[in-house]
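Since the structure of chain H is already known, use the hints to place chain B on it.
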Amino acid sequence: MTAVATRTVRRVVLSAPVVAVGGALALTTLVMLVVGVDPSLAYPALVRGAIADGNLEYTIAAFVPTLGMALAFALPLRAGEFNLGGDGQLAAGGVAAAALALSAPLPPVLAVLLPLAAATLAGGLVAALAAPLSTRLGIPAIVSTLLISAPAVSLASYLVRFPLGEQGTGLAQTPPLPAAAHLPALTEGGYVTLGLPLIVALTGLWLYADGRTVLGYELRATGRNREFARYGGVRVNRLAAFALAGGGGFAGLVGGLIVLGPPYRFVDGALTAPGYTFTAVAAVLLAAARPFAVPVAVALLTLLQVGGQGMEREAGVPSQLTQIVQGLIIVIVAVFATVRARRRRA
Amino acid sequence: MNILEWSFLSGVLTATAPVLLAALGGLICQVAGVFNIALEGQLLWGAFTAVVVSDLTGSAWAGVAGAAVATLLFAGLLSAAAVSLRADPIVVAVGLNLLALGLTAFLMRQIFGSGGTYTSPDLAGLPTLAELGLDVPVLGPQSPLVPVALLLVVAAAWWLGRTRSGLRARGVGQHAEAAAAVGLRVGGYRHGVTLAAGVLCGLAGAQLALGNVTLFSEGMSAGRGWIAVVAVMLSGVRPYRLLLACLLFGIAEAVGFRLQGAGLPQQAADAAPYVITLVALVLAAVAGRRRRENA
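Residue numbers (the numbering used here), protein chains in the order written: chain H, 374 to 719; chain B, 766 to 1060.
FYI, nobody ran anything at the bench for these hints, they're computed from the structure. It should be emphasised that the depicted structure is a prediction, and the values quoted were computed from it without experimental measurement. Backbone N, C-alpha and C define an ideal beta-carbon position, used for all residues, glycine too.
Just the calculated beta-carbon pair ranges, DEER-fashion:
hint: 1; chain 1: H; residue 1: 543; chain 2: B; residue 2: 1060; range: 57 to 63 angstroms
hint: 2; chain 1: B; residue 1: 1028; chain 2: H; residue 2: 510; range: 32 to 38 angstroms
hint: 3; chain 1: B; residue 1: 902; chain 2: H; residue 2: 510; range: 38 to 44 angstroms
Short derived list, chain B residues pointing at chain H, Cβ under 7 angstroms:
hint: 4; residue: 852
hint: 5; residue: 863
hint: 6; residue: 864
hint: 7; residue: 867
hint: 8; residue: 870
hint: 9; residue: 1035
The shape of chain H in the complex, shown without the other chains (with noise of 0.2 angstroms):
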């Protein structure tokens, strides 16, 4: 091999993912060994869970979410903004949408989109609460958007529950939404809806505007330096209430994404209960301020996050390990990108 080559494969191999994906790889599997589950039996599972027999569908299905807010973590997080309440931002969303398509019968195109709309307003209303708390009073976003999260997921709950509820069945959800308001399924199965090209191409857009455009600069300035950015005439803190409004935008966008998708209404806690918030910021971080990397991070711990679920079926590996993954994933990101700053400064 020639020098370079190894200089290349030295810096993949030492890059903050891959050491941090193998490390936490490597602690789950001494956790696996601690409590006596067999990794030869426990990792194939959880690879089958993901991708073979027809379980794939559900993992693309589970990515759309994922990349979604995945960008209602990483927009706001270029200015400088933690947005750890993607979960109310999520039911806001949610809930707008169940709301409209339930109460209007909307013509076949406008049935998906105003709904679609309304569930992107409503989490970027419930995101952009924390704006002016950071901005104007300075209480850190981490602290508050992740406060206003959790009366927005009761708000939501109880909505669900009560005035939009379905009658007579006791259950705890809305009753199915009009077929006007079905997102089309792209697959036969119809997990796979018109969604996955929506975020997919939001994530290009989103990609484009960081990189090449000044309202991109503008943010990224903001986030690296913010006394730096206004003193080069940027407005930081409009710009700060946008990053945390749009990314709330996006995350209420994937609440109406999930209500619209398969089965098609509201289901008290399903929107919650899978975690994509988290397995987002997971994601976000693990892609280490590299927009490029954000898709394929998010994809690589959906794969994990899905494939955990094959894993508790087949090894009777309980599902949480993924968890632990995504936690360890984030600690040893944040340790090896000092160590590495320090490093290179040395």
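Chain B alone, transformed into the frame defined by chain H:
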């Protein structure tokens, strides 16, 4: 005063205690310049380990000690990553909170064989002060950890205001370079407060799982660690104000509980502590801003 009102005050104190213990941990970290938002995960880990040890040994006090030690070790991860290796404490804490959530849910299934909620006759809860012979109103139905939490507020105020190490910890927080220049070991103080916060979160978890109730359920910390973070922000790093902030949360939870009994939906009771804490935080920040503008 009638019985109902005593029981309300008692309920306030019960709801306050775990948050107060965790918030004391957050406060001493803040004093020394460590922004600790890993309280939520540590509180959950403390609750889980308290239940595991109490269940295995049949002794609630062993559970308390086990939670303190286990959470000290868990906090060691934060102190190693954020203090020794100087990783971003916010990102590390986000990861550790997720880790605690996954680890407790995973180990719960491995140890107790099922998820959701675990309770058992083998699981020893903390005795009440009334059972220990101190049958007074309000404090009587509390576990001994509740007066301990209140005394720790006094102890924290004394440590920060009257002792050499407390003043030095404040110096480390106010100006790390200056503190280092006069020969203080900045890292040492920061390790110390981070680990001590772990012990306090362990106690908070034990109080939550063996005092307030006698069970463990997934995610039972339910945002209390985040409320504790807010309480620290509200307190302006003063222990007595911290107590007031935590009492505010306790009142919100107790009122929510009452209203639920009176027919209000459960979701309103769930949301009340967050809404009230958030409103208090906003009012305090507005007042602080006005004060700065007038000055």
